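J.: Required output: the full structure, derived from the provided sequences and hints.
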Amino acid sequence: MSQVTRRFDFEVDAVAGDARTGTLRIGSQELATPNLFPVLNFYGGGTERSVFGGGIHRTIKEFMIGADRIGGGDYSEYFDCTMTSVASLTDYNITHERYQSYLDTPIKERELFEPYNGTLFVDSGGFKFLDGGDIDGSDFEVDIDQEKIYEIQKKMGADIILNLDHPIAPDDSHEQRMEKAEKTALNIAEFLDLSSDFDGARYLTLHGYNYSMMDAFLEKITSIVDTREIHEAFDGVALGSLVPKKDNRELLIQAVTDCQEVLQDWGFDDMPLHVLGISSRAVPLLAALGVDSFDASSYLHNAINGKYYKSMMESVPISEVSFENCDCPVCSSELHRQRMRGDAEYQKDIYGAVAVHNLIIQKQELATIRDRIRAEGTAPLREYIESTVARDKQTRQVAHKVVNQSLGGYFQ
Amino acid sequence: MKKAPKVNEVNEFLEIASDFEDPLEVIRESLSNSYDAEASEIEITIRSRPQGSDIIIEDDGNGMNERDLESFFDLGNSQKTDSIGYKGHGTKIFYKSDRIVVNTAKNGVNRRAVMDNPWEKLNRQELPEYELTKADVRDENQGTRIKITNFRSGEGFDPESLTYNKIHHYLKWKTIAGSTAHFFEDNPREMDIRVDLGEEIDDTRDELVTTSRLEFPDEQLEPSDDEFPAERMCKHYEPREIEVEYDGGMTTVQIVGMVGGKAARNELPTHGRHSVQFGVWFAKDHIKVEQINETISHDNEFIHFFFIVNCQDLELSANRETIRNKSNPVFRAVRDEVEFYMSKVTQDPWFKNYLEIRREGKLKRRARTQESSLQDRRKSVTERERFEPSNRAEVLLAVERASQQQAGFSLQVEDYQPDADIQAIVRHQGKLRNAAIHHQLTEHFKNESPLEHIDLIIYWEQGDPTKLNEVERTGYIGGEIEIDHDSGSITYQRDGDSSYIELLSLTDVFKPKTKAIADD
Chain A
1 MSQVTRRFDF EVDAVAGDAR TGTLRIGSQE LATPNLFPVL NFYGGGTERS VFGGGIHRTI
61 KEFMIGADRI GGGDYSEYFD CTMTSVASLT DYNITHERYQ SYLDTPIKER ELFEPYNGTL
121 FVDSGGFKFL DGGDIDGSDF EVDIDQEKIY EIQKKMGADI ILNLDHPIAP DDSHEQRMEK
181 AEKTALNIAE FLDLSSDFDG ARYLTLHGYN YSMMDAFLEK ITSIVDTREI HEAFDGVALG
241 SLVPKKDNRE LLIQAVTDCQ EVLQDWGFDD MPLHVLGISS RAVPLLAALG VDSFDASSYL
301 HNAINGKYYK SMMESVPISE VSFENCDCPV CSSELHRQRM RGDAEYQKDI YGAVAVHNLI
361 IQKQELATIR DRIRAEGTAP LREYIESTVA RDKQTRQVAH KVVNQSLGGY FQ
Chain B
1 MKKAPKVNEV NEFLEIASDF EDPLEVIRES LSNSYDAEAS EIEITIRSRP QGSDIIIEDD
61 GNGMNERDLE SFFDLGNSQK TDSIGYKGHG TKIFYKSDRI VVNTAKNGVN RRAVMDNPWE
121 KLNRQELPEY ELTKADVRDE NQGTRIKITN FRSGEGFDPE SLTYNKIHHY LKWKTIAGST
181 AHFFEDNPRE MDIRVDLGEE IDDTRDELVT TSRLEFPDEQ LEPSDDEFPA ERMCKHYEPR
241 EIEVEYDGGM TTVQIVGMVG GKAARNELPT HGRHSVQFGV WFAKDHIKVE QINETISHDN
301 EFIHFFFIVN CQDLELSANR ETIRNKSNPV FRAVRDEVEF YMSKVTQDPW FKNYLEIRRE
361 GKLKRRARTQ ESSLQDRRKS VTERERFEPS NRAEVLLAVE RASQQQAGFS LQVEDYQPDA
421 DIQAIVRHQG KLRNAAIHHQ LTEHFKNESP LEHIDLIIYW EQGDPTKLNE VERTGYIGGE
481 IEIDHDSGSI TYQRDGDSSY IELLSLTDVF KPKTKAIADD
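Those sequence lines, one after another, are chains A and B. Be aware that the first sequence starts at 1, since it is given in full-length UniProt numbering, and climbs by one per residue. Be aware that the second sequence starts at 1, since it is given in full-length UniProt numbering, and climbs by one per residue.
Just so you know, these hints were derived from the structure itself, not from any lab. No experiment lies behind these values; they were computed from the predicted model shown. Keep in mind that the hints are not guaranteed to be accurate.
Calculated lysine-lysine pairs in the DSBU-like style (CA-CA distance at most 35 Å, straight line) [claimed, not checked]:
{"id": "1", "chain 1": "A", "residue 1": "K401", "chain 2": "B", "residue 2": "K147"}
{"id": "2", "chain 1": "B", "residue 1": "K362", "chain 2": "A", "residue 2": "K245"}
{"id": "3", "chain 1": "B", "residue 1": "K262", "chain 2": "A", "residue 2": "K245"}
{"id": "4", "chain 1": "A", "residue 1": "K393", "chain 2": "B", "residue 2": "K147"}
{"id": "5", "chain 1": "A", "residue 1": "K401", "chain 2": "B", "residue 2": "K235"}
Between beta-carbon pairs, the in silico distance windows are [said to hold, decoys possible]:
{"id": "6", "chain 1": "B", "residue 1": "R378", "chain 2": "A", "residue 2": "Q412", "range": "46 to 52 Å"}
{"id": "7", "chain 1": "A", "residue 1": "H301", "chain 2": "B", "residue 2": "P188", "range": "55 to 61 Å"}
{"id": "8", "chain 1": "B", "residue 1": "D415", "chain 2": "A", "residue 2": "V316", "range": "57 to 63 Å"}
{"id": "9", "chain 1": "A", "residue 1": "D265", "chain 2": "B", "residue 2": "R368", "range": "35 to 41 Å"}
{"id": "10", "chain 1": "B", "residue 1": "Q312", "chain 2": "A", "residue 2": "E376", "range": "32 to 38 Å"}
{"id": "11", "chain 1": "B", "residue 1": "K362", "chain 2": "A", "residue 2": "E383", "range": "36 to 42 Å"}
{"id": "12", "chain 1": "A", "residue 1": "E219", "chain 2": "B", "residue 2": "K362", "range": "48 to 54 Å"}
{"id": "13", "chain 1": "B", "residue 1": "N325", "chain 2": "A", "residue 2": "V316", "range": "26 to 32 Å"}
Just some of the chain A residues that point at chain B, by a computed CB distance under 10 Å [claimed, not checked]:
{"id": "14", "residue": "Y102"}
{"id": "15", "residue": "L103"}
{"id": "16", "residue": "A344"}
{"id": "17", "residue": "E345"}
{"id": "18", "residue": "Q347"}
{"id": "19", "residue": "A390"}
{"id": "20", "residue": "K401"}
{"id": "21", "residue": "N404"}
{"id": "22", "residue": "Q405"}
{"id": "23", "residue": "F411"}
{"id": "24", "residue": "Q412"}
Glycine included, C-beta positions come from ideal geometry on N, C-alpha and C.
T.: Quick look at the structure:
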């Protein structure tokens with residue numbers, strides 16, 4: 001392996017029980033953790049004039065860059081990090097020429113995206129992709145390989161990248177899971193070779209619902225790639241495959257707890273832990289367990305379904321909101337209040353504004369969580385959980401479980 | 001013309017006094033009054049008399065002036081605002097007697113009020129009066145003595161059923177003597193309570209002495225190492241005051257409680273049926289009123305818990321037995337808050353561990369039972385002379401053994417579904433045959449299993465031959481049946497169709513004796 005000048009650094013600056021705050025440094029960028037990477041589609045089939053298109057994604061990007069179409073303004077602090085997927089390129093029918101033009105300049109080097117300077121996490125994207133010149137938009141599901149994925153991640157200008165992984169499904173048999181682990185391991189070997197001169201952060205994907213599954217996964221990986229090499233080459237760990245289980249709070253908590261234990265036993269616990277695809281209500285609990293970052297698209301999916309966040313725990317139909325109780329920059333703007341009330345030419349301008357409001361709510365709550373972790377002792381974070389997640393009957397029991405497990409409990 | 005509704009005072013007194021039946025309620029009211037009068041000692045004496053019971057209550061409290069005495073005898077004229085039992089109904093129970101004498105000393109004056117035959121007069125529609133006299137006493141002399149002569153208990157109530165034990169439990173569960181206020185006060189006031197029952201009521205001891213506070217059994221956080229390791233485990237949950245916001249205001253709840261095993265809980269004085277006394281109790285004035293066990297989630301048995309939730313914004317019925325304002329937002333908000341608090345208790349790692357220790361204890365006991373049952377079974381295996389199936393699965397084992405051990409016996413079980421009517425498909429002399437398997441042949445008929453699709457019935461023994469004869473005599477599921485033991489077959493005819501079923505008795509196959517060999 002060639003020697004790389006490492007630009008990545010992760011430093012923990014405060015702990016409360018198992019929860020921690022820290023700083024991810026990639027080059028000159030700094031990102032406070034725990035943090036949430038909103039999922040965003042940078043290329044949605046459009047042209048530069050339409051901020052590269054993409055419906056509600058377009059409006060969100062207009063907020064991100066403070067475009068005139070949304071009345072300007074600086075929303076950049078809420079886009080201090082974003083998550084996008086290589087697979088998002090397949091979500092729209094695009095021509096091969098457009099595909100190539102998307103990749104000819106890294107996202108953050110484009111003039112259009114100049115105001116955006118957040119940490120860009122590019123997921124490997126799974127199994128579907130467009131290939132070669134054979135793009136007509138109707139059927140371009142083709143297996144792609146690690147090499148192509150890495151090439152795209154690099155061309156997009158990613159700060160954090162993942163190897164191409166094969167997520168497991170809840171019904172997979174042990175054999176199927178081992179097969180996927182083996183394919184993933186082969187990709188990891190190739191990924192490490194290909195990306196040895198990558199100057200951002202590389203995250204290792206880990207799959208499983210409990211200790212034994214994750215342990216078996218790592219056994220398989222390390223039978224192909226040396227444990228020490230993995231430890232030296234990877235900067236962080238991304239726990240995946242939990243999205244189908246996202247509503248099973250008990251399992252989610254178990255998986256993350258077990259994951260921490262596996263990482264400890266394998267000596268990987270000095271790396272930051274990212275949980276893929278999980279957000280909202282689970283966030284305070286996962287943060288309390290020591291997860292450093294999350295990503296999710298729930299802020300915009302909920303917006304599309306007309307849901308306006310009152311807090312991380314509660315959403316209400318957009319038609320019932322008066323906007324007076326929220327002092328976020330979206331709700332403070334007369335233009336956006338009007339749009340959110342339905343007075344807009346395009347749906348994307350109604351729901352895009354709601355999505356950005358939802359994102360701001362989540363980002364603000366995460367800032368609160370960071371403050372609570374930084375405060376003295378575990379009581380501030382415990383009280384936060386007690387007044388939020390634990391007040392929801394569906395999540396009450398797991399909230400208590402996390403408090404007992406990670407924050408010293410209520411009756412000690 | 002405006003008209004004011006009228007009240008029949010006599011009936012009002014009768015009605016309220018009738019709400020109370022039990023002389024124990026006299027004690028409850030007296031204790032509360034003495035506590036409100038800041039007494040430090042109170043003595044209650046009960047004697048059984050032919051007409052009813054004499055009750056004497058004596059305390060060293062602040063005594064009563066004339067207004068206090070008026071409130072004591074009047075109805076709906078209570079001076080009370082922040083003390084126990086604000087309605088002033090309680091003392092009206094004393095009217096169910098032949099004589100009430102109150103001696104009360106306050107500020108150098110002793111007041112004596114005597115009311116004769118109150119119950120008889122009320123029942124004659126006459127309002128009883130009391131005679132008040134005054135005398136000077138020394139300033140230090142303070143306190144009140146109330147004597148109620150021939151108290152009329154409710155129908156069928158026998159004062160002699162009042163034992164010290166029963167009174168003690170009642171006091172601790174239903175009166176100020178079982179108050180949990182002391183958990184929440186820095187300098188809680190104490191009151192010593194003595195109860196003296198006449199020998200004709202309970203002669204097992206001279207008196208009962210207790211205090212005005214309920215204590216929990218001592219904590220024992222660790223399991224013991226005997227057969228029931230969690231039985232005496234006990235954890236106290238420290239008193240907590242929680243502010244509760246409800247639609248229209250704020251209130252405070254005070255929660256204190258414990259979790260414990262059966263032995264620990266048995267150390268608590270309870271009232272009524274022991275097993276249903278635990279769980280979560282709503283209290284007012286820190287005296288338990290009503291259970292709200294629904295605040296403990298269903299995955300937990302309420303019996304492990306004993307929590308008292310005090311809220312002064314609860315409104316009680318006149319006889320203090322139930323909560324009156326359950327439809328108000330305050331009640332609902334308080335109940336939700338308690339549910340939230342209890343969810344923390346049920347998720348407490350100590351509690352989880354306690355349950356785990358109980359479970360482990362149970363499994364260990366089960367393992368011991370298994371061990372002794374296995375010893376019995378092995379003994380019978382060792383002692384018997386040959387393999388002896390006792391159920392269907394063992395009959396199948398017999399088939400396998402016979403195939404291995406008996407020359408000329410060839411039968412293999414290819415498919416076995418224990419719940420099906422025809423349990424097995426066997427290969428016999430190269431052919432697949434549908435076989436019913438039974439320990440006794442009689443079982444087949446008992447279960448009314450159809451015969452149409454059976455080729456073969458395999459069984460260990462025949463069972464009661466008279467049962468089979470009855471089947472032949474009365475017919476089987478609308479058909480004629482004939483069992484030929486000599487040729488080992490059954491002929492069954494129904495609706496003109498005829499079935500032939502072969503019988504295979506494994507006892508016959510196993511005639512040569514083979515002694516079972518135990519593996520030890």
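J.: Confirm or reject the claim that R378(B) and Q412(A) have a C-beta distance inside 46 to 52 Å.
T.: Roughly 49 Å apart at Cβ, these two residues keep to the hinted range, so it holds.
J.: Double-check L103(A) for me: the hint is only fine if its C-beta lies closer than 10 Å to a C-beta in chain B.
T.: Given a least distance of 51 Å, the restraint on L103(A) is violated.
J.: Verify the proposed pairing of K393(A) with K147(B), using a straight-line Cα cut of 35 Å.
T.: It is violated: about 55 Å lies between the C-alpha atoms, which goes past 35 Å.
J.: Straight-line Cα separation of K362(B) and K245(A) no greater than 35 Å?
T.: Since the Cα atoms of K362(B) and K245(A) sit roughly 34 Å apart, the hinted pair holds (cutoff 35 Å).
J.: Take the shortest C-beta to C-beta distance between Q405(A) and chain B; is it under 10 Å?
T.: holds (8 Å)
J.: Given the range 36 to 42 Å, decide if the beta-carbon distance of K362(B) to E383(A) lies inside it.
T.: With a Cβ separation near 37 Å, K362(B) and E383(A) satisfy 36 to 42 Å, so the hint holds.
J.: Regarding N325(B) and V316(A), is the given constraint of 26 to 32 Å on their beta-carbon distance met?
T.: For V316(A) against N325(B), whose Cβ atoms are near 31 Å apart, the range 26 to 32 Å holds.
J.: D415(B) and V316(A), beta-carbon distance inside 57 to 63 Å?
T.: Holds: the Cβ-Cβ distance is about 59 Å, inside 57 to 63 Å.
J.: Go through the hint on Y102(A) and say holds or violated, using the shortest Cβ distance to chain B against 10 Å.
T.: Not OK, violated: Y102(A) not within 10 Å of chain B, min 50 Å.
J.: Min Cβ distance, E345(A) to chain B: is it shorter than 10 Å?
T.: violated (42 Å)
J.: Does K235(B) sit within 35 Å of K401(A), going by the straight-line distance between their CA atoms?
T.: Distance ~19 Å between K401(A) and K235(B) Cα, so the pair holds.
J.: Classify the hint on Q412(A) as holds or violated, based on whether any CB of chain B lies nearer than 10 Å to its CB.
T.: Check passed: Cβ of Q412(A) comes within 9 Å of chain B, closer than 10 Å.
Figure legend: structure checked against the earlier numbered hints; hints not met, in rising order: 1, 3, 4, 12, 14, 15, 16, 17, 18.
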